[in-house]
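Protein chains: 2
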Amino acid sequence: MEKLSLKRLENVDLKKVVINDSFWSKRQKLIKETVIPYQWAALNDAIPGAEPSHTIENFRIAAGESNEEYYGMVFQDSDLAKWLETVGHSLAIERDDELERIADKAIDLIGRAQLSDGYLNTYFTVAHPDKKWTNLRDDHELYCAGHLIEAAVAYYEATGKQKIIDIVCKLVDHIDSVLGPETGKKRGYPGHPEIELALMKLYKVTGNKQHLNLCKFFIEERGAQPPHYYDIEAKLREEKHKNKKDLFHSKDYSQAHLPVREQKTAEGHSVRALYLYSGMVDLATELQDESLIEACRQLWKNVTRQRMYITGGIGSSQYRESFTVDYDLPNDRAYTETCASIALVFWADRMLQIEEDSEYADVIERALYNGILSGMSLDGKSYFYVNPLEVWPSTVDHRNDMESVQYKRQSWFGCACCPPNLSRLVASLGRYIYSHHDSNKEIFIHQYIGGNTTVELDGNNVGITQKTEYPWDEKINVQIEIEHEMEFTVALRLPSWCKNPRIKVNDEIIDVSSISKKGYAKITRKWKNDDRIELVLPMPVEMVRANPNVRENIGKVALQRGPIVYCIEEADNGENLKSISLATNSALSVAYEKDLLEGVTVITGEGLRIKEIESDQLYFTGEIEMVRSEVKAIPYFSWSNRKPGEMSVWIREE
Amino acid sequence: MEKLSLKRLENVDLKKVVINDSFWSKRQKLIKETVIPYQWAALNDAIPGAEPSHTIENFRIAAGESNEEYYGMVFQDSDLAKWLETVGHSLAIERDDELERIADKAIDLIGRAQLSDGYLNTYFTVAHPDKKWTNLRDDHELYCAGHLIEAAVAYYEATGKQKIIDIVCKLVDHIDSVLGPETGKKRGYPGHPEIELALMKLYKVTGNKQHLNLCKFFIEERGAQPPHYYDIEAKLREEKHKNKKDLFHSKDYSQAHLPVREQKTAEGHSVRALYLYSGMVDLATELQDESLIEACRQLWKNVTRQRMYITGGIGSSQYRESFTVDYDLPNDRAYTETCASIALVFWADRMLQIEEDSEYADVIERALYNGILSGMSLDGKSYFYVNPLEVWPSTVDHRNDMESVQYKRQSWFGCACCPPNLSRLVASLGRYIYSHHDSNKEIFIHQYIGGNTTVELDGNNVGITQKTEYPWDEKINVQIEIEHEMEFTVALRLPSWCKNPRIKVNDEIIDVSSISKKGYAKITRKWKNDDRIELVLPMPVEMVRANPNVRENIGKVALQRGPIVYCIEEADNGENLKSISLATNSALSVAYEKDLLEGVTVITGEGLRIKEIESDQLYFTGEIEMVRSEVKAIPYFSWSNRKPGEMSVWIREE
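If you read the sequences in order, they're chains E and P. Using the UniProt record's numbering, the final residue of the first sequence is 654, and nothing's skipped along the way. Using the UniProt record's numbering, the final residue of the second sequence is 654, and nothing's skipped along the way.
Pulled out of the complex, with its shape left as it was, chain E reads as follows (with noise of 0.2 Å):
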């Protein structure tokens, strides 16, 4: 019996999840032994050189034992939250004492910050006492509060600990005695979505349909008008009249320009988008929602088919961190800030589970190993906010309109959202590898990631264990540990970039195609204990080419391997990256270099490089020659870990 027909899927908790491989549990590790210290010390500003956080001086400030003055963004308490959020995964992979102990001070110091009323945002409680809830298009209240339910979430979830979730739910009592539908409210909902994702996870922990009717308030409320709730809360504060052109202020900039199910295309600050499609999905499936789910069909759409880069990245603009138009997707100047690829993955995740289509597990891979990856060094010490396809380092450093390209990762962020947004989504990596449809007995694996989990599934406990190479090799191999024979299905995704999967069963080939269902292959059978599969994605080198209406990719090609994105970096082709070229039927060929990258595999191939010109014209009417020349491509993820240099995804293709 399907109680609800908008869940299909449910994810194993995180909990259950040991990853154990070659390549994520080193970056697990960097997280935890590396990342989450370093964090911590510079939400305490004891990083020499960085830029200053301030966050744990002020939440000390609004404690009453600090006389320091606040400094920070508005949203500057959310970098707490962030790291609690990650500490929280992490200590969900393994306990931890000596981190439980800070985590736990950490909680003890937001309690104190927390007003008698619930309210808790120390820039307005120390900075701005009188402008609470006065804006909140702008001011990133329930942002704020939003990312600490996200942590208080996990950090229970990891512990069991109630303190935290004790203190948001006063918290979210207070928001909800200020805002809402009811008289004598605010009918006010947040700038920055962020908010609603969390009260969905909040909802699942304590069952309080309070916190699922303030979701589905700030949701249904969203773009309502005339008269706009914006402006009704600008003129009570008396705000001058914007400059025409600071699209800051217009209405889709926040996605409030319409009512959520009216919204078409992706508009506007591409995190905020995200962000507030993740959380109607959340509502829409605990609804039943079908209309809800149907305008995120369609932004799903939208963004994956007309607004994303082949790494996984969105939001092609850095003026508004935003989206701009269909198929507008230049290279050098790709916003496509690490935050949003992020929230890409939390969406898909949460399309997943209710759509049950590879599509959404293939644009998680995507995102993951190319547009997230590289928003960290490999020694996960410095990161990249804006992930460029392309880079010329002497024009970034001379052209204002490339004013937010780095070509340099760099140790931190005044606004510092993507390090700790990337350290929270590799310690929760473990969530997005399987999940299981109990009423059908059904076990996905969504992502090849070696490692092992337990599903139960109709009272008996299922393990499953990978053991795998991947990205790097294309052989998977899964075995099964069940005490009792039983008839279930392991649904194994089949990701779009194979065109020729092979599987075998206990050494029996078995025929993908006739057990193909929406990109998985269900594997339905009597399971036995020690029972193998395995599973093999050929991983040849492909030429990709972008849809032509994308005309920044016209007449070029972009190499993939498996789910990694390449890319040719000056470090291995020399300058004047744009003067290569691949022949259409160039012959490619692979290598695992150990000692490269920490551990990558390369492309080489034969390739055309356009021989300098001997004449000193700029143009001229006689032809270009072309000599032979080897290129070298590494993963996109991995770029800019040596020397500074131009980088580029797309290379021409002759």
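Since the hints were derived computationally from the structure, they do not count as laboratory data. Bear in mind that the values here come from a model prediction, so they are computed numbers and not experimental data. Hints may contain errors.
When chains are identical, the list treats them as one kind, so a pair holds in a single copy or across two.
Distance condition first, Cα-Cα at most 25 Å in a straight line; then the derived DMTMM-like pairs of lysine to aspartate or glutamate [to be verified]: (1) Lys518 - Asp616; (2) Lys611 - Glu654; (3) Lys301 - Glu623; (4) Lys611 - Glu653; (5) Lys467 - Glu483; (6) Lys611 - Asp328; (7) Lys264 - Glu614; (8) Lys132 - Asp252; (9) Lys441 - Asp595; (10) Lys7 - Glu51.
Given the coordinates of chain E, work out where chain P should sit on it, guided by the hints.
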């Protein structure tokens, strides 16, 4: 005997040149009959819907004849000066009582706005009388003075009327009393060069060494340090520390980062740069200063070999309206201000006078027929400030990094520098056609424009008549009128775009290569009355390629025929112009279409176009299919005179 080794050629006086052809005459008529009255109305705020100018009103306030408040940019006065200069050139071509009466009244008003000490700048007189000469870096007082001096010389040369010369001499006296190397004076020089070349023009009229010496001071003092003059005056103004990203106040923005002889690359604001270089040539020529001219040669090479668009556009960055780095020439974000290409003509003309190399006249031609003419609509009523080489309207409308790009010409601009600059150039076009070298008995024809002139050579009047349908037709007929048979040289420019020029004199074929020197065919003979030269410059359509260091243009060609650079426009070729490509051997044909865009020669041929794909996938591994497709190109200068749409100069080469 050659008195001045650095001065070789002398341009023929504007009054002696008649333009009478089917291409330029109508444009000069447009300037006289439409643009001058339109601009006069604009200066008087008499154009409904146009942005306010307030220029005349500002002069009236300064003269004590109005009680309004100053409105406009700090350099608003220069709009009147540029208009007056245009009027001067127009009157040099043909006197006009009514126009002269209006101009005389404007001059009277200017005179009344001048203070008794000679000071003349309405912005400071009216709005900030206490701030005169306190911010030479930013405040344009010398820039406005320069334009007024240029206007004065033009008006005086056309009419012989002295009044405006007296006004500007009094102004220069005042400037000379404030600025200069002598003790007690400020050692300042203009942030926006312009007065240097103007003073050299004035010096030629007045013979007053004061004018020469002031120019010399401004050029020699430029960039001297430490301390730098701009720092001295900033300190006196108690200027606050600027944002380190505020490059407007960096010294290279106004070419004051180094003494002029040490400037090896063209930096900063492109119009400022080229006005400075023009003044440098004038001064070097007058003073026979070889090291100064050598600096100009080096800068010329940098601009024309590394930093110039195929249209003669310069200044590739909207931010600071500036040069960036070598070969950074993006097409869609080209700034290429109309004024900068005009300045390129000024500079090239001066270089030509001392270097006698067709390269300079070639650049004049390139700028004139392409990047300059594109600045004005065919009806003369709307203007481009910025002249990009590629435009996609939907993207332009949604990307902030393209905010300066327009795809529809505007009726006027708040900062209205380009329209009057364009009209003064077209009105004075006659001066760029011919020059003479008296001691060598040479008459040069630099530009092929129908009409006639009279050159005094060795005491004899030599009449030269050109008949041609240039730039559409390859044939130029030159006829000599002379009273007595006489030996001299007619030097005809052989444009670099022309591979096989042919010359006949009185039907006798001349071996062009044997008489060619630095791009000129020098025909030396005893000329008699009615001698005829037939010059044929074959104009096949050429596929032009850019130096591969111009990464934006790798794999692309531009179409050029004769001096005209072509573009493809959406009106002729449909949407997504980037999907169009040309084969290296595409057969291209030309036809004059008299009803299209007021009569232009178009290029048509068979190209390829990417077939729209059926899949809705953004990225795929299938090949791209091409279909044959007619391509039609129009002259770049004539784009955006129909329905707004896409445009591209560079086309992919398949």
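Status of each hint after checking the structure:
{"no.": "1", "hint": "Lys518 - Asp616", "in the structure": "between (57 Å within a copy, 17 Å between copies)"}
{"no.": "2", "hint": "Lys611 - Glu654", "in the structure": "both (14 Å within a copy, 18 Å between copies)"}
{"no.": "3", "hint": "Lys301 - Glu623", "in the structure": "between (43 Å within a copy, 23 Å between copies)"}
{"no.": "4", "hint": "Lys611 - Glu653", "in the structure": "both (16 Å within a copy, 17 Å between copies)"}
{"no.": "5", "hint": "Lys467 - Glu483", "in the structure": "within (21 Å within a copy, 101 Å between copies)"}
{"no.": "6", "hint": "Lys611 - Asp328", "in the structure": "between (31 Å within a copy, 19 Å between copies)"}
{"no.": "7", "hint": "Lys264 - Glu614", "in the structure": "between (53 Å within a copy, 22 Å between copies)"}
{"no.": "8", "hint": "Lys132 - Asp252", "in the structure": "within (24 Å within a copy, 46 Å between copies)"}
{"no.": "9", "hint": "Lys441 - Asp595", "in the structure": "neither (44 Å within a copy, 74 Å between copies)"}
{"no.": "10", "hint": "Lys7 - Glu51", "in the structure": "neither (44 Å within a copy, 58 Å between copies)"}
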